[in-house]
Every structure is written in C-alpha cells, then in structure tokens.
Amino acid sequence: MTLSLLAHAENAGGAVPGAIGLVWLLVALPLAGFLINGALSLWSPRAKSAVSVVGAAVLIGSFVLSVLIFLQLRQAPPEAPYIVRLWTWLPVDALQVQFAFQVDQLSSVMLLVITGVGSLIHLFSVGYMRSDEGYARYFAYLNLFVVFMLVLVLGSSMPLMFIGWEGVGLCSYLLIGFWFTEKANADAGKKAFIVNRIGDFGFLVAMFMIWNAAGSLDFPAVVHWAETNPALAGGGLVTAITLFLFLGCTGKSAQIPLYVWLPDAMAGPTPVSALIHAATMVTAGVYLVVRLSVLFAMAPFTSAVVAGVGALTALFAATIGLRQYDIKKVLAYSTVSQLGYMFLGVGTGAYASGIFHLVTHAFFKALLFLGAGSVIHAMHHAYHATHSHADAQDMRNMGGLRAAMPWTFAFMLIATLAISGIPPFSGFFSKDEILAGAFARGAENPIFYVYYGMGVLAALLTAFYMARLMTMTFLGTSRTGEAERPHLHEAPWIMTGPLLVLALLSLAGGLINLPPLWGGGAGLEHWLDPVTAPAAGYFRIEAPHGQTEYFLVGAAVAIGLIGLIWGYLATSRRRTVPAQDSAADTGFWRVLAHKYYVDEIYDAVIVRPLVWLSRVLLWRVVDQGIVDGMAVNGSAKISRGLGWIGSRLQTGQVGIYVVFFLVGALWILRVVSG
Amino acid sequence: MSAILASIGYSHWALHVLIVLPLVGIIPILVGPVAAARRVALFVTVVEFIVSMGLWWGFAPTAGMQFVSSTPWIPRLGVSYSVGIDGISLFMVLLSTALMPLAVLSSFTYITKHERAYYAFLLAQLVGMVGCFIATDLFVFYVFFEVLLIPMYFLIGIWGGANRLYAAIKFFIYTIFGSLLMLVAILAMVWRIGAQTGTLSFSYEHLLTNAAQVGPLAPWLFAAFALAFAIKVPIFPFHTWLPDAHVEAPTAGSVLLAGVLLKIGTYGFLRFAVPFFPQVAHDPFVSRLIVVLAVIGIIYGALVALVQPDFKKLVAYSSVSHLGFVMLGIWGGTVQSVQGSLMVMISHGLSTGALFFLIGMLYERRHTREIAAYGGIARVIPVFGIILTVVALSSIGLPGLNGFVGEFLVLLGSFGNHPVATIIATTGVIFAAAYLLWAIQRVLFNRLDKPENERLTDLNPRELIVLLPLVAGIVWLGLFPGPVLRRMEPAARHFVEITQPVPGSTGAASVAEVRP
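Those sequence lines, one after another, are chains A and B. Under my numbering, the first residue of the first sequence carries the number 412, and numbering increases by one thereafter. Under my numbering, the first residue of the second sequence carries the number 2, and numbering increases by one thereafter.
By construction, these hints were calculated from the structure, which means they are not laboratory data. Please note that a few of the clues may not be correct.
Taking lysine to any residue pairs in the SDA-like style, the calculated list, with each CA pair at most 20 Å apart, reads [what the hints assert, rightly or not]:
(1) A:Lys594 x B:Phe178
(2) A:Lys459 x B:Pro383
(3) A:Lys594 x B:Pro383
(4) B:Lys451 x B:Glu371
(5) A:Lys594 x B:Arg380
(6) B:Lys451 x A:Lys459
(7) A:Lys1048 x B:Phe178
(8) A:Lys1048 x B:Val381
(9) A:Lys594 x B:Ile174
(10) A:Lys594 x B:Asn454
(11) A:Lys459 x A:Val475
(12) A:Lys1048 x B:Ile174
(13) A:Lys594 x A:Asp543
(14) A:Lys594 x B:Pro452
(15) B:Lys451 x A:Glu593
The structure displayed is predicted, hence computed values, not measured ones.
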C-alpha cells in the first residue's frame, strides 16, 4: 500500500524530467564551494578573490537552478512530490531510508528563499568580511550551511531531513563561534548547539514513534498513513508525536522555552545572523510543521499549544526587544518574536500564512540585519580609525547616522515599515493573515481570541521597538564622537546592492499572496494547496468577511502606526547618552534589560545542578567512592587480607594456587552438573 | 573481485593466515635489530590488513558461518581448532586489522623504550583479537580470550603512565575474574550437553543447537557468561577499571582497548550469552535489568565524562556511554536495533580510536592530557583542530557521520520493545554534545592564553596517515553505510530470530511485553 504510493509519488521511477532531475546539483554546487573554500582556507587563505568568486558563484548557480525548478513546477503543478533518488542510505530490513530529494510546491518556495536571499547575503559578505583573516573559512562554513539547509528542505524522509536539521545547527555553531578566540563567542556557539540538541531529542523521539506506528519515515508515506487512519485524529499517539516534533521546533526556531540560544547567537558575523538566524535556519521548525501539517491538524491539542507558544513567544520576546541597546540584540529578539507569529499561524491551521510570513520575514529581517551590519561596519571602521574601544553595536553610541548613510537608512526604513505591518509593505499582508486566522478560530475555541490579542499587542510593541531602533540609530544628533564622525560613511556597492534588492522585495513581497480583499488571488496559498490539502479537512478557517475584515485590517494598521509614532516620540524626546555615560536601568526596565533573567534562572536551576550532580555525586561519590573505593578496592583489601592468612598456611607457590583453582573448579562443576 | 579471490583459494587459507602471520611476524621483531622492529611490525600489520580485506569481497551476505574450517585439536575432549566468520564477526575482524597498522604507526615516536617487546606484544594482541572473533570452538575462543589479556597487561604495565601498575593489575584481575567464571561455565555446559547428547564437543554449532539441554543450569551459565562479558564491555557498575586502564595505557593500548577489546564483551553477548540462553536473556527480570543498566551506562557515562579534567578519562567515560547503546540494541529485539549495535561497535572503534590518537599526539607535544592546559590552539594547529572537531562530531552522533547511524538504529529499533528506556537513552544525545563540545571548546577555542601552546606544531605527515583513514571511514560510514548494513543484515536477522523466545514456552515472556 505504502510502497505503491511511493511508486506513484516518484512519477514513474528514477527518470525525473528537466531541471527537477538536476536537483542534486543544487546541493552539489555549494558542497563544491565548501570543499574549495575549505581547501583554500588551509593552504591559501589570502586568495580572497578566488574565495569570493567561488563562494558567491555557487550560490547564484543554485539560485538559477531553483528558479528553473520553480518554473517547471509552475508549468505543470504535480499532485504528488517528485522524488529524486540518489542512493539507499539506511537499508535495514523494513527500514529503507533513501538518500532522496523531494521536490514539490513547498520545497520549491523554500529553495527560492534559501538560494535567493542566500545569494544576496553571500554577496554582502564579500564586502563585509573582506578584511577578516578567516575570510576563506567564513565562506567555507557559509557554503556548507547552504548545503545542509537545502538537504533539510529537500530531504524526502525524516532521517534525511534530520541530516540537514542537525547540519545547519553545526554550521550555526561554527559561525556563531567564528571568532573563537573570544570565550563568549565560543560559549554562544556551544550553547546554540546544546540547546538545539534538546530540541533534536524531541525530533528523534517523534521519529521513533512514527516509525513504530506508520512503519515508514518517508514524508509521502507518513502523510499517506495519516490520511488513511483518520481515526487517529485527536488521539494520544498523534498528540504525543506532534508534541515531540514541536519540541524540536522550539529548539531550532527559538521558541519558548528553548529560545535562549538565539540572542547569544548574535556573537557571529552579522551576515550570518541575517542568513541563518533570521531568514532560513530558524524557520525550519515552521517548515517542519507545514511539511507534516496533516499530523498537526489531527492533533488539535498540539495545534493549540503551537499557537499558544507562538503567541506567547511573540509577545514575550517583543517586550525584551523594547529595552535592548545592542542593535543586533533588538533584531534577535525581534526574530524570536516574528517566529512566534509564524507558529501562531501554523498553530491556528493557517499553514500557508505561516509560510507567507516566513517568506516576507526572510526579506525584511535579512534586510534589517544586513542594514545593521552596514551600520556596524561603518561604526567599526570609525572606531578602528581612532583606536577607540567603544561598542560599535550599541545604539547609544550612534544617532544621526542618516546623514552619513542615507541609503542604508532608506532601506532599513522600508524594512521597518514592513515589519510594523504598514500597508502596502510585505509584512502587513502576512502578519494580517495570521492575526485574522487566529481571530477566526476564536469562534470555535475562545482561547484563540486571547492569542489574537497577544498577537496584536506584540504588533504594537514591534512597531515601538523598531521605531526606537531607527530613531536611536539614524535620527537625532550624533553620539559617536567628534573624532570618529568624519570616518562614518556609506558601505560599498557590494553591500548596498543586496540591500536594494531586499528593500524591493520587502516592499513588494506581499504580492505573492495578495488576498482577494486587495484584488489579489492568494497565489501562495493556492500554490501550497497540494501540500496542505490533507490537513485541510480537519478544521476550516472561516476567513473574516465584510465589516469584520475591514475592522481587523483597520485595527492592524492603526496599531502599527500608533506603535511607530509612540516609539519615535518616546525615543526622540528622551535624551540618550553614549553607552559609557549611561546609568543602569532600574525597576521593570532592568528586568527587561536583563531579559527577565531567564539565562540566569536556567543556569541556576539546570546547568549548575547538573554539573554538581555529575562532579560531586556521580563521579566523586558513586564512581570513586562507592563503586571503586568500597566495592573494587575494598574487595581487593579483603582478598589481600585473606591472602595474608593463606600465605601463613601455604608456601605461596603459584603451582599450588593453580591446583587449588582446578580442584575448586571441578568441585563446582560436580555440584552444578548434579 | 570474488573471482580473483576464488582463483587463489582465498577462502581456504585466509583466516589461518590472519592468525599465523602476526605470530610469525613476532620472530623477526624479536631477533632483528631494535631500529627495524617498528618497520617490521608495520609491514606485518599492513599485510594482515590487506589479506583481511579479501573477507569484505569474499563474504556472501547470508546468515551462516563462512570461510569455515575445522581441525581436530584435542579429540578426547572434543576440542577442534575451528574458525569461521559471519556478518557479526566479519566487521570485528576488519576493525581489528584496520586499527592495528594505525596503532603501530602512531607508536613510532611515542614508544622509546623496549621497542622490540612492545611491537611483539602488539602483534600478539592482534592474534588474540582476530582469534576471538573467528573462533567457532569455545575452547579456542577461551584460549584467545586469555591471550588477549596478557599483551594488554604488559602494554599498560610497562609502557603506561605514572600509575601504570595499579591500572594494569586492576585490569588484569577484573578481567581474569570474569573469564575464569566463563571457563567454568563453558566446562559445565560442554560436560552437561555431552552427557545429554553423548557427544563431548566444544563446537559452537553443537553447543548452540543443544543449548536447551542444560536445563535448570541455564540461568547460572548465563550469569557466568554475562558477568565475564559485562566486565569487558564494561557495563555499569563494572566499569571502573576502564578509566584507569585508559589513562595509564600508551596511545596504541588505549586505541585497541576502546576500539576492539571492549567489543569482545558485546560480541560475547551477541555470539554466546544471548543465543545460548535466549529464554534467560529475555526473562522479564533479566531483560529489564540489562536494559536499565544499559541506560544508566549511557547517561551516567556521559555525565561523569562531562566533569573530567583529563581528556583521556573523558573519552574513557564516553565509551561507557557508547557501549550502553550497544547493550540496549542487543536487547532491543529487532533487526534495526541489533544492526544498530553492530554499527555502534564499528563507529565507536573508529571515532574513539581517532580521539585517543589525537589525544596521544597532543600528549607527545605537551606531555599533559589536562584539558585546562590547552585553549585556543585551533589557531596554532588548524589541521589538528579540524580533525578533532570532525571526530568529536562523529562521536556526538551528528547525522551524516558514522556515529549517528548506529545510535539512530539502536534507538529506533529498541523503541517498540522498551519505549521508556529508549526515550531516556535518547537524552544521551544531549549530554554527548555537552561533554564533547565543552571539551573541544576548552582545548581548541577560547583565548590562547598559555605561552607553551603558542609554538605547537601541526600534525606531521605520519600523523595524518594515521588519522585520515579514520576520518575517511567516519564520513564514508555516515553517508554510505549500505554495503556494511547489507552484509551484516542476515546475521542480525538470524540473531533476532534465534533469540526471540518462542511464544508460550516456559519462563519466556514475549519481548514485546518486557517494558521497563
């Protein structure tokens, strides 16, 4: 049954036509880039031009191929995914995991985002990392990341996706700790890996459960199993599977309670933050939920949890973002918050909306991070020129940068309007859809009204902290210092070029899924229909109509505008002083500035007790004290004592002992064999 | 390839050559000049490896023993020199022959005293390892099992660290205690079955077929076998000889100890203890006990590894953790879990072997294994840093590298029969990441703050020749484990079938009911 389905899904065997058949090349190109740049980093680290060409060209090549694949899919949208088999990876009895790539509507969208935004960020990196001594190593890691990210979205089975899933975590680890001689950076990388591993534990257990129940880990087979067993809906098995899967998502996609690694991940180079920690890797959890949307749809409890955690994370992270001074930290919490929106979307069952927001967020958040990178680049050079050790990322040291960096300012302003949900920028449409979906679900389960309210409140705070960020960075008077000011200048074209493209996408990205209200055809939603169709039967989202719809849209726009204006006024009216002259926050602001002390709590409640348990109880007491000290060496002492008695009785010759042993052995034999 | 092998009659002589060659090789080492000892040893072990490679192509993926041969040895006692391999022992033999040339090569500068004796002991060790895995007569197995002990005792006791005598004696007494018990069990079993069937024989086939004849002795015999092998594995709480032995042993000793010797314990369970006495092994109490001890080993080993200040001790405790996965898989009761166990055995041999090599190379440069003595050295010796990172990731079980395949299969296959234990065991992946990443951070990353580390030299060509085959194996087995898995599958399936308790028979709960 399952097998016949797979045969069908493969669209008549191995010969997959056209560009889709070349999908392996999509992965092979960045892999080659990794190998070449890796070799260069060891033997010729100064060959920066070669590194730049290889590093960026492989990505652009992959992007072209992704476009071709997308166009081919568009010409004849398939009902079932194309499976391109490469080899059999894990053949064990009934378990036959293929190393195979799955091309369908969902993965093609992800491919475009990964290789498209990825190409822009690679180009930006050419300028941003130019003067770094680890330039070749940087591009090697970045290329390797793209390899794993593509495997993640293309993997046709859960174990293969898991290669990508953990592989991107590895690259994230390597790139967060890129400047590894600073302990803080190495710490941040390690933290990211380990926290992600907690999530991966969930992913693994979910796989075991699915294998046990469905007898396969191939996505088409799992979906088919779910479709043919509707009686499982609402049951404990599906609920448990999806909860474990969601644990995996909270790790990779930085949701409560495992979000803590993402803000620390800002220790990596800024383009890394844009690519990995905003546009692609951290959205893998959303992708996973949509990929297995039928299971989540069958588990209403899990879906409510997903939506609830998403809404809570969106709000919680936004509040922390209000009080950060490091420009990247603001964006990091913003990313956590926006990922929360995506989970709110997929948790309400609006899977296409989740992907829609994933795409628009990739545009505007990559733009914000690269813009921030451009700012940091300028600040860093200015401080470098004057040998100052002031913090190049602290917004209190900025101000008035608009004059020096007009383009960066303009582009980031577009992204700010997009994330704040101001029409017609892209974020408006995607966020609005998610909130509308949550509102609609409220009719059947009032808890979703609460989620909706949290989402709206988070939207207000989002607009606030973005206005604060823009005001502190670009407006007002400069706090950079007299000596540094002449050294502040706009980034080179290789950096502003990608910003321009991203700005255009942030502006117009909403078109891909323009709702009927605005004269669109909800293109993305229909495009994803074959993927989300199995889930669609379990609940219907009655999209709000007429007056309600207008009201919701009006409210969303008003909230965004209020937040922006409030944020601007609140920030520009306060006198901001450079970081070194600033007094510490007090009261609740202090709690926010310290991120609710969550890191400290985790450290005190989990990390330190665990190390103590291991060091003192397990190692010193159990291992060295009880097992080794008392049992092993104790029995040695006893036998030494017996030996002393024996030596009084015997000559101590080895021969005697052998005789005794044989006699004893024979005696035992006699006894036992009766 | 198999045609070439057939034309030279490979299947008739291969296993004998694998035993005789190292034995013969000892002679020129002992009588030749000291300076030549290491080269002779290298030559012999490389030839041994090349000869053993024929097994890979000559092996037909079926369940039974292959390359079998049997010569009467002590007919009065029913002892014959019988050898053969199946899909379980094939890879243990290959692992032994593959690690040995690397172990020899890594000793070139590490060992500076009594070189002839050292290399002679290494070859003797090889004889014991291969012998254990190919023996299909329990007397022969026992002989090789004891042969294994002596070279390792001297390797630790003579070429070991400061506390080497304590460690060597502890290792020796611990192991001999178990093996003597096993001897008694073997004798009792042979005697008893001989009395029942009228044929006195140490033949594995004979004993396996008639194992049920031991009747009420079965629990005692199983206990004796299990204890002997449990010490070897080692299963918690019989593990404390291992960290001491590892820390004191010279690099090659540690590599062989972790890479091969520990596997003789798990191999013993797979070959003897469980197939002989499946009813006992899958008795709910026994099964629960072993699974619980396996899971304790996984978690406990990882947590204790986390806090070790000595890098070598850290890896030693990590072995306790990894071998716990093997034990869980053996009792997992499915083809996936058993093949997973076999894969963990192979992968652990490669990755832990490589880790010990790397630590040894670091030790040769700085004469300390304290993690705190390093920091930031990836800047100074980048190639070392890359290889250590790849090997550590393999040990962590990063998918795409070899470690994942085994662990994943063990857990996937065991989940059905032991869901709770499997879920707890799965948390081991978190702790594994914690102890190894923390360790490599403190060694490779952070600030380069010790002046002694600023002039470390990166790996030389000889060291790269030692490490690169292991790295290649790590990547190859991670991405293309198919050929290995297919070769071991019939043997694993056979193991699952013969150890699956017959429904309704006495004392045997169906495995599915055994849930911790």
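Enumerate the violated hints, using their earlier numbering and listing them in ascending order. The structure breaks hints 1, 6, 8, 9, 11; every other hint is satisfied.
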